[in-house]
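J.: Residue-level listing of the chains:
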Amino acid sequence: MTIVLNGEPHEFPPGASVLALLEAIGLAPGRVAVEVNGRIARREGFARALLRENDRVEVVHFVGGG
Amino acid sequence: MKSDRLTIAGRSHPSRLIVGTGKYPGFEVMRRAIEASGASIVTVAVRRVDLSRRGGESLLDHIDTKQVTLLPNTAGCYTAEEAIRTARLAREAGLSELIKLEVIGDERTLFPDNEGLLQATRVLVKEGFTVLPYTNDDLVVARRLRDAGAAAVMPLAAPIGSGLGIQNAVNLGLILDEIRDIPVIVDAGVGTASDAAVVMEMGADGVLMNTGIAGAVDPIKMARAMRLAVEAGRLAAEAGRIPKKLHASTSSPIEGLLR
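Chains A and B, in that order, are what the protein sequence lines are.
Take 1 as the starting number for the first sequence in the numbering used here and just add one per residue.
Take 1001 as the starting number for the second sequence in the numbering used here and just add one per residue.
Any given hint might turn out to be false.
[As the list claims (entries may be wrong)] Short, incomplete list of chain A residues facing chain B, as computed with Cβ under 10 angstroms:
| # | residue |
| --- | --- |
| 1 | Asn-6 |
| 2 | His-10 |
| 3 | Leu-27 |
| 4 | Val-34 |
| 5 | Ile-40 |
| 6 | Val-59 |
| 7 | Gly-64 |
[Said to hold, decoys possible] Interface residues of chain A toward chain B, partial, derived using beta-carbon atoms under 10 angstroms:
| # | residue |
| --- | --- |
| 8 | Val-60 |
| 9 | His-61 |
| 10 | Val-63 |
It should be emphasised that the hints constitute simulated quantities derived from the structure, not laboratory data.
Built from N, CA and C at the ideal position, the CB exists for glycine as well.
Working from the sequences, and respecting the hints, build out all of it.
T.: Okay, structure coming up:
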């Protein structure tokens, strides 16, 4: 299935969870925040949050700033 | 007045200097500059993870979050909605309610959008955030932010990153004179140590800066200068300066002079 991840289309296996997506892209779940279709996905629910075709997923983290 | 600690929303921090983490030539210089500044709160920005650069170093590998408190910002947000969205993501990423709220209204000056700032402050306060809004030097806006539940107000001294120093001493003075129940932290415009000392002498509770340190030729040395300036300015404010007089008054006694 196609997921729009940080603005770009990506292919993931159908029914992948947010946790599986983070693992697939090599990110530790403890340092990011995830939004699915404009709603925050809570960290403790990453494994249970299943993604669907065309979901818009944003994965953000902290960078240097003032 | 207590010189050494800054209290925000009931939580006491051991330094009155808040520093940014942007614009450094590298993480190691940043880490050492933060250390030299003595800052106990550091600001960070929230951005998309760059998926093309996997496995690279991450900012948080270089910040000891046991020693310093992270203050995420909403820099780059031009509407209340964007800022609220960014704040919610920041809370999720950092597991803390602290947010430096920026709602920018103009690209060239990076001046705040007062209306959006107030709107976002009200929403985020209701959601339990500790909101520290970056605001312009307008007393009326500062008053409204306080009344909306902001935990501090953070007026600018000059445009962000300009290094112009204090361009608005009267307006800052009016805010410092009236807003006494929450901290007033001067955010933006500091170019060198004397600027930081002056705002602290004026009675500011704290100073927030990024470019003034990160952009210096030697950021680590400048970080230490800022630390000393903030401490010196605060101590001077507490000590109470002498009145200014037009003419000289002798420091040495007149009596006993050789005639």
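J.: A separate judgement is required for each hint: does it hold in the structure or not?
T.: Checked hints:
Taken as an interface hint, A/Asn-6 checks out: its beta carbon lies about 5 angstroms from the nearest beta carbon of chain B, inside 10 angstroms. The beta carbon of A/His-10 comes within 8 angstroms of a beta carbon in chain B, closer than 10 angstroms, and the hint placing it at the interface holds. A cut of 10 angstroms between beta carbons decides the hint on A/Leu-27: the least distance to chain B is about 6 angstroms, and the hint holds. The interface hint given for A/Val-34 holds, since its Cβ lies 8 angstroms from the closest Cβ of chain B, which is under the 10 angstroms cut-off.
The criterion of a C-beta within 10 angstroms of any C-beta in chain B is met by A/Ile-40, whose closest approach is roughly 5 angstroms, and the hint holds. Interface hint at A/Val-59: satisfied, since its Cβ lies 5 angstroms from the closest Cβ of chain B, which is below the 10 angstroms cut-off. A distance limit of 10 angstroms between C-beta atoms decides the matter here; for A/Gly-64 the minimum to chain B is near 4 angstroms, and the interface restraint holds. Look at A/Val-60: its Cβ gets to within about 5 angstroms of chain B, closer than 10 angstroms, so that hint holds up.
The interface hint given for A/His-61 is met, as the beta carbon of that residue sits about 5 angstroms from the closest beta carbon of chain B, less than 10 angstroms. With a cut of 10 angstroms, the hint placing A/Val-63 at the interface with chain B holds, because the nearest CB-to-CB distance is about 5 angstroms.
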